[in-house]
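Peer 1: As a plain string of letters, each chain reads:
There are 2 protein chains.
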Amino acid sequence: MYREETKIIDCTIRDGGLMNSWKFSDELVKAVYEACALSGVDYMEIGYKSNEKSYSKKENGPWKFCDEADLRRIVGNNDSPMKISVMVDIGRIEREDITEKKESVIDMIRVACYVHQMEKAISLSEFIMSKGYESTINLMAISKVNELELDVALAAVAKSKVPILYIVDSFGSLHGEQIKLIANKYLKAMPGKTIGIHAHNNLQLAFSNTITASQEGCNMLDSTLLGLGRGAGNCPTELLLAFLKNPKFKLKQIFQVIQDYILPMKKDISWGYQVPYLITGMMNEHPRRAIEWMDSKRKNEYVEFYLGMTEGSLLE
Amino acid sequence: MYREETKIIDCTIRDGGLMNSWKFSDELVKAVYEACALSGVDYMEIGYKSNEKSYSKKENGPWKFCDEADLRRIVGNNDSPMKISVMVDIGRIEREDITEKKESVIDMIRVACYVHQMEKAISLSEFIMSKGYESTINLMAISKVNELELDVALAAVAKSKVPILYIVDSFGSLHGEQIKLIANKYLKAMPGKTIGIHAHNNLQLAFSNTITASQEGCNMLDSTLLGLGRGAGNCPTELLLAFLKNPKFKLKQIFQVIQDYILPMKKDISWGYQVPYLITGMMNEHPRRAIEWMDSKRKNEYVEFYLGMTEGSLLE
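Chains Y and G supply the protein sequences, listed in that same order. Position one of the first sequence corresponds to residue 0 (numbering that gives the first Met the number 0), numbered consecutively onward. Position one of the second sequence corresponds to residue 0 (numbering that gives the first Met the number 0), numbered consecutively onward.
Excised from the complex, chain Y in its bound form (with noise of 0.2 Å):
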């Protein structure tokens, strides 16, 4: 499937550092990013912006901060067609931390939230888009979002100067039927923006739910190497840019950071599909839990969380 709007965002280290702490050496970032640039990939999402008043950069590495330094050390002046990206979260981070974009390698800031702060995200967005950036709102936990709230969220974004208004389902519960459903529902309630996924993989959905959206006519795909993420992980971008046939895509040097760099973590640190993770997928509930019992010794007790998960509910 090939159409020329379909854009990738490749989030390896902004979505894989929360398992990190956003603690990556500079050799690991930079291979990213130069794999991403010479494979076609049209933004790498390199960390987070926030602010020392909201997080500890003893606790946290730079790509939770995103500061212009450590930015540039890396990427130069980004000299590449990828382009540059940053997450926001509301309440993280201060207007006055976001420079002119003259004078920023960024060049796409994404807010995210939740239903309750869509004003706030539109107003910070609006904001971004003032200082020149480009600009996207990530509405999470869609699962849990009701029909009411959501119809409200989306004629709010509608009226809005914001171009882009992503689908984040950050439980990983959702199954291709349901993507479909809620990507017509964005599209219909604004016409001439733009959709986007993010999709994880508590339910081995991520993919499979992207490409879906794709189908729909969503155009801005996240996905990460290797699928690298908190918990079940995420859409890996290797898969993606397999299934797209867009004729600017490579893959030699997606594999070739993956095998120098992403396969490598692997010895610390575990993502992926679990068991605990489709607990929580299939009931609809945030990861917190089995990604505690996955640092657990009692990580394998699969049946023990199960109960711990269901008791008192319906489920058996």
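Derived by calculation from the structure, the hints in this document are not laboratory data. Some clues are possibly wrong.
Which copy? The list can't say, so a pair holds if one copy fits it or any two copies do.
What the hints assert, rightly or not - Taking lysine-lysine and the DSS-like style, the derived pairs with C-alpha atoms no more than 30 Å apart in a straight line are:
#1 Lys184 to Lys244
#2 Lys244 to Lys101
#3 Lys296 to Lys29
#4 Lys247 to Lys298
#5 Lys249 to Lys143
#6 Lys119 to Lys266
#7 Lys29 to Lys298
#8 Lys160 to Lys57
#9 Lys244 to Lys143
#10 Lys22 to Lys298
Fit chain G to the given chain Y structure using the hints.
Peer 2: Quick look at chain G alone, frame taken from chain Y:
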């Protein structure tokens, strides 16, 4: 999604046996049998039925042969609602090896074939039915079958007595749109027949392709515990049971047997998504070379494998 006609065939021992030459302990096979029976699985496929002229009993465990005495040592007279299935390969079994159903605890015998063997498969399947068993034909490597061959094969099954034909994506190379097309082709060409699906996970699409086929009207769904199977493995039984809303399915025993018996197998054998399986899947090639690569010391040299596979091809 709940449809009473949907049947789950757990193939853990039969398909997983490709990984260990069917040398499972009796204890493990019994645990899988009991867990599946208690969880509402409709059929357990316990192995291949083949004869000693074709395979050595020294090199292969009992589930490559499924002698009646071995079966009864595990399932007794099978006093459960779950049915017992075995698979046969064309040419690896003689008709005299198939006894009258009343002498066997086997309920269903599935015939695996390639498209050029379809007439032989129909003849064998009808013979099996004449002995009193249920039977299916599992048409392998469907992604390599051209349209004309497929039309001829489907017409032959349509006019036969064989009630069930499977879509087998042996190379794990199909995505959802292709599954829909093939499922609807099968359904249209063979009114009144039941369609099955057996998917592989090279592109992380085994589960999504299985539920897509189910949504299109396929009623026999193959899976294995934790996706155990050759190379990238299969559609995981636990995901399928969690997704299908049939009230008879229970998950606790399935999680128990996974944690006690299937997960520990990961210490000795490796299965599931890996980049070399993606490469053969995206090229619509048999996973043989990827499996050999993953068994070698060079298993993590993805670029080398990719270049070797694509050398001389138009892919980059």
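Peer 1: Would you mind marking each hint as holding or not holding in the structure?
Peer 2: Hints and how they fare:
no., hint, result
1, Lys184 to Lys244, "both (27 Å within a copy, 25 Å between copies)"
2, Lys244 to Lys101, "neither (34 Å within a copy, 54 Å between copies)"
3, Lys296 to Lys29, "between (35 Å within a copy, 28 Å between copies)"
4, Lys247 to Lys298, "between (42 Å within a copy, 28 Å between copies)"
5, Lys249 to Lys143, "between (37 Å within a copy, 25 Å between copies)"
6, Lys119 to Lys266, "neither (40 Å within a copy, 49 Å between copies)"
7, Lys29 to Lys298, "between (34 Å within a copy, 25 Å between copies)"
8, Lys160 to Lys57, "neither (37 Å within a copy, 72 Å between copies)"
9, Lys244 to Lys143, "between (33 Å within a copy, 20 Å between copies)"
10, Lys22 to Lys298, "both (25 Å within a copy, 27 Å between copies)"
Violated hints, listed in ascending order, are 2, 6 and 8; each of the other numbered hints is respected by the structure.
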